[in-house]
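Undergrad: What follows is the residue order along each chain.
Number of protein chains: 2
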Amino acid sequence: MIQIYDTTLRDGTQREGISLSCDDKLRIARRLDELGVTFIEGGWPGSNPKDAEFFERARDIPWQHAKIAAFGSTCRVNGGPEDDANIQALLEARTPVCTVVGKTWTLHVSEVLRTTREENLRIIEKSLAYLRAQGRRVVYDAEHFFDGYRADPEYALETLRAAVKGGAETLVLCDTNGGSLPWQIGEIVRKVQAAVRHPLGVHCHNDSECAVANSLAAVHEGAVQVQGTVNGYGERCGNANLSSIVPALELKMGLRCLPEGKLKTLFEVAHFVAEVANLAPDEHLAYVGKSAFAHKGGIHVAAMRRSETSYQHVDPALVGNQMRVVVSELSGRGNLLSKAEEWGLKVGEGTDVAAVLNDIKALEAKGFSFEAAEASVALMFARRKPGYRPPYELVDFLVAVEHRSGRGLFAEAMVKVRVEGEVHHTAAEGDGPVDALDAALRKALAGRFPQIADLHLSDYKVRILDGKNGTAAVTRVLIDMQKGKRRWSTVGASPNIIEASWIALVDAVEYGLTLADN
Amino acid sequence: MIQIYDTTLRDGTQREGISLSCDDKLRIARRLDELGVTFIEGGWPGSNPKDAEFFERARDIPWQHAKIAAFGSTCRVNGGPEDDANIQALLEARTPVCTVVGKTWTLHVSEVLRTTREENLRIIEKSLAYLRAQGRRVVYDAEHFFDGYRADPEYALETLRAAVKGGAETLVLCDTNGGSLPWQIGEIVRKVQAAVRHPLGVHCHNDSECAVANSLAAVHEGAVQVQGTVNGYGERCGNANLSSIVPALELKMGLRCLPEGKLKTLFEVAHFVAEVANLAPDEHLAYVGKSAFAHKGGIHVAAMRRSETSYQHVDPALVGNQMRVVVSELSGRGNLLSKAEEWGLKVGEGTDVAAVLNDIKALEAKGFSFEAAEASVALMFARRKPGYRPPYELVDFLVAVEHRSGRGLFAEAMVKVRVEGEVHHTAAEGDGPVDALDAALRKALAGRFPQIADLHLSDYKVRILDGKNGTAAVTRVLIDMQKGKRRWSTVGASPNIIEASWIALVDAVEYGLTLADN
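Protein chains in written order, with full-length UniProt numbering: chain E, 1 to 518; chain H, 1 to 518.
Quick caveat, the hints were computed from the structure, so don't treat them as lab data.
Just to be clear, a hint being listed does not mean it is correct.
[Said to hold, decoys possible] Restricting the straight-line Cα-Cα distance to at most 25 Å, the calculated cross-link-like pairs of lysine-lysine (DSS-like) are:
id, chain 1, residue 1, chain 2, residue 2
1, H, Lys50, E, Lys461
2, E, Lys366, H, Lys264
3, H, Lys461, E, Lys290
[Unchecked claim] A partial selection of chain H residues facing chain E, derived with a Cβ cut-off under 8 Å:
id, residue
4, Leu279
5, Glu283
6, Asp431
7, Tyr460
We put the CB at the ideal spot given by N, CA and C, even for glycine.
Pulled out of the complex, with its shape left as it was, chain E reads as follows (with noise of 0.2 Å):
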């Protein structure tokens, strides 16, 4: 069994970009805790008073799998941990693991802590102890170890020992600035145990492109333990990313790491902590990227059609993801009836087929982009079926914002709308300009369609396709609508960002309309 530490809530948020509420964090170690990861680290009480209330708060949870960490550094040179805030603070966050970063390369501890080798290995040995005497488990972070073994291997070995005398029960060897590769850190890895027969650990960062590698490695050499985040989030170029190591150990070098059936929660869980952090989901991601198992090129795709396993390293439902097949302008025919089986569309009944290919490559050459755009193409389909008939047509629309000192932002829409034969008229106001439409387009069809009322907008996403054209530029929009647990979506493309959320918001509506229910 390897003990998976996740520190998404700590290291994770040094990410450009990220930043967390209370709640955030709670509800991110929620799923992390039905996951079944081994240790949440929940912040560094020390440095940011923000922490303090995830602690508190998280005490009154019960927590299923995972033990609660608190993080923080050796205490102050020539002081003791009774009477220094940092440690102090770890106390208060009363979790029943605290983690503890201390130094191993000695140009730190000249340069940084700015005190001697002996100093060093006091306030580590001494911190330790401190909190092993107050009844905490204790987990020592060795930072920049690899650096610091390769500058004076004695000495960073020195620091393992003085955690170990102070009571860590793990020893996490950190490659702190990312430089390491592979074959170094089972090197060193495979020393060190020589070396200190203790429980090891590994806390990589992706500065090379080779944290996932890296913490593989170290565990094919012994260690017990891998430190990292979801989807790799970390400052810079990110911490090891468990959303690819964790399947490499359980499926590739058969080590257990969640309970039993978790894994297939993995595609969930990462996409649930993009949400929640409110990043993009990286889509090539291994394992959980929505591209991650889908298949672009023509003979790839014949070939897929032959042998399922021919072109995927895993199954995809092992993590929770699927086979897609891409509709794109390198797509065939082939692609595209692939594409539209697996979307259960019943093509073939004197639908031109031909015709909607040229469609799609005319609009892509617009901008638009049908790869996660599955109901336009639908909709493409429809139209070329003989009989088939929309819902309603739109005669004209208009949208303004007004900003007028003293009376503040105005966001309104009027539309007009062809209902068989008969013209609805209608306007109403919104947060803003494609809030208005959508509102407005509601009233003018909600008489013949009251049905219109289940729909309801779930996303929203914006493309600028060539910011070298400025405001100027061709915009793309991604629109998901939702009727209860149906979701599609739908897409539009323009150099005016209004006509192209219109186009995507009335593909949307009428999908609703007609096909979504079939």
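Put chain H on the given structure of chain E with help from the hints.
TA: Just chain H, lined up with the frame of chain E:
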């Protein structure tokens, strides 16, 4: 000297969302040649007719460093290369190098090719021998080599021997499904080298997030060629990332792979390729990401100021990148001052730094993010400086987008500003609402500030912060404005995308009229 074989233009374009015109491909190829890679794989003439034009036009370019390669597969089973359309397309590309991919894995021989092991060996040897006879240098890509070797090592070696008989100058072992781990790659490369004494290369995919480590492991065991793509673009999780592999080879393994002095252009090349491929650069990429050497955590920044090397694995200048200090809500006064220094802001003359810090935190709570908007921060400093007078005040604005059947789409804006007590009230049209606002604002200010004509809006980015609220979500807008070579960024955020854009636009112009020249 390690050979760098770039397949950005072939395997890289398999990434979802990438589509390159022939001009794009030629622009990228020229930059790769300047960078000094050994081979540039331009495409697959047999599968993608559009590539024929690339090879046609590439012939007239005087390449300084790189050899152009065309990619194709072995000839059809039970046929000969002389009447094989795909092999003939390779010849017609008239490149100095042809790269031929063949089957290693018995599963693929029987399931995908549906032929015998002997016939597969025959088509490998014959296809290569035919191209050699036409005077081409031939690289052999052994598809699924590592999976194939695990399934049947002896047959995997036979396919390589067939390629050697056919005249391959290099045997490239491909981890096509990207499922291998570094020590597995290392061990197999070692064994292959012992069995087949011939120059080896490696072609990895990133499905285990180990493509970089796997490529380096192969070189560590003696491989002399690495195939990959700029920024790791490629199908699914991408190809091996040359932007991480090249610096590791040169800076960490002491192996030369680029001409003298070229490594420091890597950052520029990586961003150029992202730009041409029309993908937002991943700021967290190793070595070439904007965040790769950015420091956010308070202690780190304090330590950085004491010892530059203590938190950097390599000197960022070696790859053309630079160290950055990040402004964020985690920042203390220290970060903010370092940042101010970095931007050459004159702070201190009575500027209320604490107040600026509070302004930043208040706006970040509303969805602003200043990490990429140094001009907005500079303005906040300026506004907190006694005696700062903004060049103009905004009074009102109105923007309307209108679609009328038969007449099409219009975007118009009205702007009212006050300059030194005098009100200027103007209107203008644009391609979209923000473009119209930009035009109207320029008109309103042109009288008093003719220099506004030199300000050029060079980039416009939109990010929806909280998709869950649909069209009512908070929108963040980043605007880049330029004056000659000087370029600055501003940010705006609001549930109304027009207002968010307006805030960023107004700041960008105010900065351009006041601080840009200091």
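Undergrad: All hints, please: hold or fail.
TA: Against the structure, the hints:
For a cut-off of 25 Å, the pair hint linking H/Lys50 to E/Lys461 is broken: about 32 Å separates their Cα positions. With a C-alpha separation of about 37 Å, the suggested pair E/Lys366 and H/Lys264 falls outside the 25 Å cut-off, and the hint is violated. This hinted pair checks out: H/Lys461 and E/Lys290 have alpha carbons roughly 23 Å apart, not beyond 25 Å. Evaluation of the H/Leu279 hint against chain E yields a violated restraint, the C-beta minimum of about 10 Å exceeding 8 Å.
For the restraint placing H/Glu283 at the interface with chain E, the shortest Cβ-Cβ distance is roughly 7 Å, inside the 8 Å limit, so the hint holds. Of the supplied interface hints, the one on H/Asp431 holds, with its beta-carbon coming within about 4 Å of a beta-carbon of chain E, less than 8 Å. Evaluation of the H/Tyr460 hint against chain E yields a held restraint, the C-beta minimum of about 5 Å falling below 8 Å.
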